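A.B. asks: Chains W and H, in that order, give the protein sequences. My numbering applies: residue 1 is where the first sequence begins, and numbers increase by one. My numbering applies: residue 418 is where the second sequence begins, and numbers increase by one.
You may find that some hints are simply not true.
Claimed, not checked - Computed beta-carbon distance windows for the label pairs:
hint	chain 1	residue 1	chain 2	residue 2	range
1	W	Asp249	H	Asn717	29 to 39 Å
2	W	Glu75	H	Glu647	41 to 51 Å
3	H	Phe424	W	Glu53	45 to 55 Å
4	H	Gln713	W	Gly413	48 to 58 Å
5	W	Lys35	H	Pro764	39 to 49 Å
Since the hints were made in silico from the structure, they are not lab data. Here the structure is a predicted model, which means the values were calculated and not measured. Every residue gets a Cβ at the ideal spot worked out from N, C-alpha and C, and that includes glycine.
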Amino acid sequence: MKEGQSDTINSNSYFPYPKEWLDAESEDIAESVRKWADNEVIAKRLQFREDLEHQMRTLAILAVDIGLHRLIWPEEIGGVGFPLPDASSTLVRAYEEIGRADPGIGYISAANIALAATLLEDQGIGGEMKKKMAAAFCDSEDVELFSLILPGLGDINAKSHRIVSGREVQAELQNEGNGWILRAERARPFNSGYNASMYGVLASLPEGLGFAVIEADKKGVERGELLKTTGLSASLNSDVSLRDVRLSDDAVAFVDESFYKRLSAWMRLLTGSIAVGSAIDVYRLVKDWADNRVIKGKGLLRDNPMDAAVLAQVAMDIVNSRLLIHNLARAMAKPGVFGIGGGDDIFILSGVISVRVLDDCMHAINRAMEMMGSAGYSKEWHVEKHWRDLKTMQVYLGGRTPVEMDVARYYYGSDVL
Amino acid sequence: MGKESPFSKNMTSSPAETYIRRIIRDWADTVVIPMRRHYDEDWHEHRLIEPAFKALMVDLGFQKAMIPAEFGGWNFGNTDYLATASAWMFEEVARADSGIALAFGVCYWPMIMVAVKPHINRRLCAEFAPMFVDTDKPVYGVVAMTEPQGGSDIENLDLLHGQTIKTTARLDGDEWVVNGHKLWPTNTGGLADLFGVVCTTKPGSDDDEDVAYIYVPADTPGVTQGNAYEKAGMAADKNGDVWFEDVRVPSWYRAHGPGLDALYLKEVLTLGMMSATFSIGPVMNVYEILRDFCSQKTLNGKPLKEHDAIAAELSEIVAGIEVSRAATYRLAMMLDRQDKYGPRWSPEILAKARSTKMFVADKCLEGCEKAMEIMGAYGADRDWDVEKHWRDIKMGQLYEGGKQLAQMDTARYYFDCETL
Ligand SMILES: Cc1cc2nc3c(=O)[nH]c(=O)nc-3n(C[C@H](O)[C@H](O)[C@H](O)COP(=O)(O)OP(=O)(O)OC[C@H]3O[C@@H](n4cnc5c(N)ncnc54)[C@H](O)[C@@H]3O)c2cc1C
Chain W
1 MKEGQSDTIN SNSYFPYPKE WLDAESEDIA ESVRKWADNE VIAKRLQFRE DLEHQMRTLA
61 ILAVDIGLHR LIWPEEIGGV GFPLPDASST LVRAYEEIGR ADPGIGYISA ANIALAATLL
121 EDQGIGGEMK KKMAAAFCDS EDVELFSLIL PGLGDINAKS HRIVSGREVQ AELQNEGNGW
181 ILRAERARPF NSGYNASMYG VLASLPEGLG FAVIEADKKG VERGELLKTT GLSASLNSDV
241 SLRDVRLSDD AVAFVDESFY KRLSAWMRLL TGSIAVGSAI DVYRLVKDWA DNRVIKGKGL
301 LRDNPMDAAV LAQVAMDIVN SRLLIHNLAR AMAKPGVFGI GGGDDIFILS GVISVRVLDD
361 CMHAINRAME MMGSAGYSKE WHVEKHWRDL KTMQVYLGGR TPVEMDVARY YYGSDVL
Chain H
418 MGKESPFSKN MTSSPAETYI RRIIRDWADT VVIPMRRHYD EDWHEHRLIE PAFKALMVDL
478 GFQKAMIPAE FGGWNFGNTD YLATASAWMF EEVARADSGI ALAFGVCYWP MIMVAVKPHI
538 NRRLCAEFAP MFVDTDKPVY GVVAMTEPQG GSDIENLDLL HGQTIKTTAR LDGDEWVVNG
598 HKLWPTNTGG LADLFGVVCT TKPGSDDDED VAYIYVPADT PGVTQGNAYE KAGMAADKNG
658 DVWFEDVRVP SWYRAHGPGL DALYLKEVLT LGMMSATFSI GPVMNVYEIL RDFCSQKTLN
718 GKPLKEHDAI AAELSEIVAG IEVSRAATYR LAMMLDRQDK YGPRWSPEIL AKARSTKMFV
778 ADKCLEGCEK AMEIMGAYGA DRDWDVEKHW RDIKMGQLYE GGKQLAQMDT ARYYFDCETL
């Protein structure tokens, strides 16, 4: 059957994106990531499958050696200095390439970069916290994994919490003496709850919201059992309880709802890019498979109009999704035109586009998998991994309903959660 | 389902159905459901899966179900409720694990050719029935159709009449000599006990007379089973390569002979479409899980199910289940009442069977996807079992010729197409 081989198709000319929004340096970065994807991951797929050590090794190459995790940090604190929000298109290209290789690696890296971008842009975050975070991203020889604990659609423990943008906050901060106490009960992190070295927690304060950064080995941090999940195997997750975790002042920042909106928009941009990359890789695989597949005893399957229509849908979904996600990047890069990061306009636009892009990429992968018959279902061809990964990403992002509620509030003034 | 199920009873519901469902449900709830989330790691060894399968097939006796009574079986094949009974049995088993349901259903599959009225082949029943009834171990039946060049074309009997089959059967004295390479049959990867092998007696021929269905016991010299493939789901079903190299079996191991083998093979296909239940059972179980989840999890102090937008999604899932079940049980009735609806191998029945399975497979998968989205991150957890059902039932869209063959067989009948 299938060899885990490198790409021969130039997906960048097949699936166009607005190149004028990227400068030469951005394309160089994308090219480095592309080589990483082809050589470190795609070429070794059959050898390593979903081996965690290999995934972490390749993430380190990406984050540290290639320097992706330093990219947006200012030069004076050890970063590469790609300015925000202009770097959005650069990031899209990079995460498309990572998505082609392994959406799980992309996902945990994206959670980290989305957090970094939010911290850098949010005016409420103090210099101390930024420095501490910069050290984690820029000075370390290893990848410091951040796990995000963010508001979600309700609470499995049937407790009520503060509502932020229609979602329930999962943690609480209380001021005590000259520090803080952080609490959460079986919170579900967005990523890497089981093996992160740091947690970024959005928590409710008696008045307003706080963002806390805590080390995983801090007293009171209790990780649950490793959760087995359908996809995104690079993200080892577990529920996390925070039992009276004591924090100093510099570990907590006062933020408002815009912090969550900004973080969501970055996360949606990057996961949407991963989804596009993943679908592009599936396109390559289904094309490889369809190139010699004969149907009805004679004639190539791809020349059969019914099958051609299905194959066409795969390509059409990718063309549209890619254009959409690059448009979102551009909108985020132009706050003067499309609204500031953390504002409602971008929050809504990112929700609408990411729901569509994930749906369409999922649709593309579903159709490709169906087309390939049993090959689509076998692990050897790797299509099924993209399928599991994207579905997992889709549900971790919260799916369609919460975004529909956001949209109804924004466009109709609906008084809905 | 049992008395607590809110889903409509099928129109032909009977005390036997209630009784058998209860037996299977007890087995499902005690043997399979507590262990099934470990099945993925067990895909190769079947250390957990094999005992569960044995409990169903041997201890509860279900592997006797289709064998005619005179050969020691439960006689389902000889009744007017074979398809309907298959539907409730499969649905119940699939509620626990779709892979076990597939392996279970396929155990019956090869014997359909000879153990189902009106074409019971008594000599072959006498030969093979003891394998299934006089044993204390599960017996794995296999229908080997798919080949490396493609499975759909071999199933596309009304258009291609076996033209693409490469596995050959040559008569040598009073023996068939079988040579060929099959891929993907359920219950292989080292498990198989008895194959029904779809062969051609004249390679390249598009004459139904040259399609042969030949029984090959797995321990016949020249039969080799490869290792099981690793798949997205369906861990309880092992699939692998099978090679037949100069395999010799008695000439009377051919099911019925020229013309009839191709004809009844279509019945193997139409009855095979009761596999729609392999998608329905899981999504019924997803409903049970979701009912608990949406009662337990709250948003702003209210259970999720009490939020109108979520409730709307929940309603679509159950609507899909009700309609899928109605369609499938109606199909089963048509397959059972050949006096009213004609033979199971007619183009009409084939079209209706394929379109039903196609619709149900799509609808149930959609229901699972919706459930996962409602559950958010928990939807992707192995702990809740919903993602397992989702991975398992994706297969419903891909096998038995895939969606496109279903579309062609359907359009051909309804629109009198001549060239599809
Ligand atoms: C879990 C599992 C269990 C299985 N069990 C069995 C088993 O018990 N026995 C067995 O023999 N096989 C079995 N199979 C194989 C399965 O039935 C085949 O995979 C299926 O028939 C499709 O064949 P293929 O994969 O070779 O794809 P192909 O036959 O190459 O089909 C490729 C694509 O062409 C499309 N297509 C089909 N017909 C047409 C047409 N007329 N015109 C245009 N397009 C068309 C299909 O929809 C499909 O998308 C199993 C597969 C799986 C995944």
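A.B. asks: Taking the hints in turn, state whether each one holds.
C.D. replies: For each hint, the structure was consulted:
no. : hint                               : in the structure
1   : W:Asp249 with H:Asn717: 29 to 39 Å : holds (31 Å)
2   : W:Glu75 with H:Glu647: 41 to 51 Å  : holds (47 Å)
3   : H:Phe424 with W:Glu53: 45 to 55 Å  : holds (46 Å)
4   : H:Gln713 with W:Gly413: 48 to 58 Å : violated (32 Å)
5   : W:Lys35 with H:Pro764: 39 to 49 Å  : violated (54 Å)
When held up to the earlier numbered hints, the structure conflicts with 4, 5 and fits the remainder.
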